[in-house]
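Trainee: So you can see what is in the structure, the chains are spelled out below.
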Amino acid sequence: MANQESTEVLSAPLVIEYPFLRTTGPVIGAFLTGLREQRVLAIRDTAGRVVCPPVEYDPESGAPLTEMVEVGTEGEITSWSWVSAIRDGQPLQKPHALAMIKLDGADTSMLHVVDAAAPGDVTTGARVRIRWADEPEGLITDIACFELTGGTTPQHGGTTPQQGGN
Amino acid sequence: MAPADNDRVVSTLPEGLWSQPQPTGVPDFGSDAEEVQRLRLPASMRYRFTPGKAMTRYLEGLKEKKFLGERCPVTGDVYIPPRGMSPVVGLPTTEQVEVGPKGSIASFCVVHIGFGEKAPPTPFVSALVLLDGAAVSTYGTLLEVPIEDVRIGMRVEPVWVPDEELTYSAENVTHWRPIDEPDVAPETLKGHF
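Chains as they are written, first to last, in our numbering: chain P, 1 to 166; chain V, 1001 to 1193.
Hints in this document: simulated from the structure, not taken from any laboratory.
Treat the hints with caution; some may be incorrect.
What the hints assert, rightly or not - To spell it out: a stretch of chain V is covered by chain P in this simulated footprint if at least three of its residues, at any positions, have a beta carbon under 8 Å from a beta carbon of chain P; those stretches are: (1) 1020 to 1028; (2) 1036 to 1046; (3) 1052 to 1063.
Don't be surprised by glycine CBs; every beta carbon is placed ideally from N, CA and C.
Generate coordinates for the entire structure from the input sequences, incorporating the hints supplied.
Mentor: Structure representation (structure tokens):
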């Protein structure tokens, strides 16, 4: 049989998926359990800083950390960038901000999504609050996103203005 | 998160699920609040796969329940699935050759941990089948035979999906099964993995 040239070369979608299942450990497990209950847990490191999201080991000494503390469900944006091109799997399927958010009571910032209409609405120091997912599962996505409260935190010192909301 | 039914314990530490110290300061979430211990994090990559001309010819054959390999112009060996060139001499393959559909078990192993939606119940046998006329073996699942009866040299045939389900896919062969033919000598299968 001679080789026949196909008129058309085939093409098809191919999805490679890894069904990872990982254990959380007691610290991350408590953090995720808290999220499911709409509460945010952090951990105190050896230097006394409140680290959120919690880490299992001290960032400097590597010693195990065990003192968990609850922090607020509001906070401030410490850094951010605007996401205008949306890809599959991103938490919000519309343009949004990716921001470092320091929750009230925490000394470190966590990365999450801020639902804002336009980049002009987002500023460093802007106050945000958690919008919880409708059906919490014990995942970081139980925080559906953060939303702007409308307030800002003074850049240097001063007290944190009380904002409305929860 | 509630574990799915197919979750299995793959290892345990002597002191329990993990060895880190229990944290303090965790609020009481209520007696019926189950602590999160595991999370499922599927990672997927989405491609558009183009098999190329030689593999397209092979897949078109599979849709007709034919195994179409291609012959090396120098050694005469028939490679399946074809890649359009001889892996030994690097020259383009020039002749399409139908092989099989019968073959011989060239190697096999017993699978105790299956994965994927289409995996048969464990334990089952995964096998390399050397199709009659081919130089290299094809991978498949061997069913319809007790595991202890499987042996190298055993003669097998493919079991196809119903005709209306045939498509451009190696999954057209659901599995392989033994046929009533004498075994081939295992020595003849050497070098044909």
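Trainee: Take the hints in turn and mark each one as holding or not.
Mentor: These are the hints, each one checked on the structure:
no., hint, verdict
1, 1020 to 1028, "holds (count 8)"
2, 1036 to 1046, "holds (count 11)"
3, 1052 to 1063, "holds (count 7)"
The structure fails none of the hints (numbered hints given earlier).
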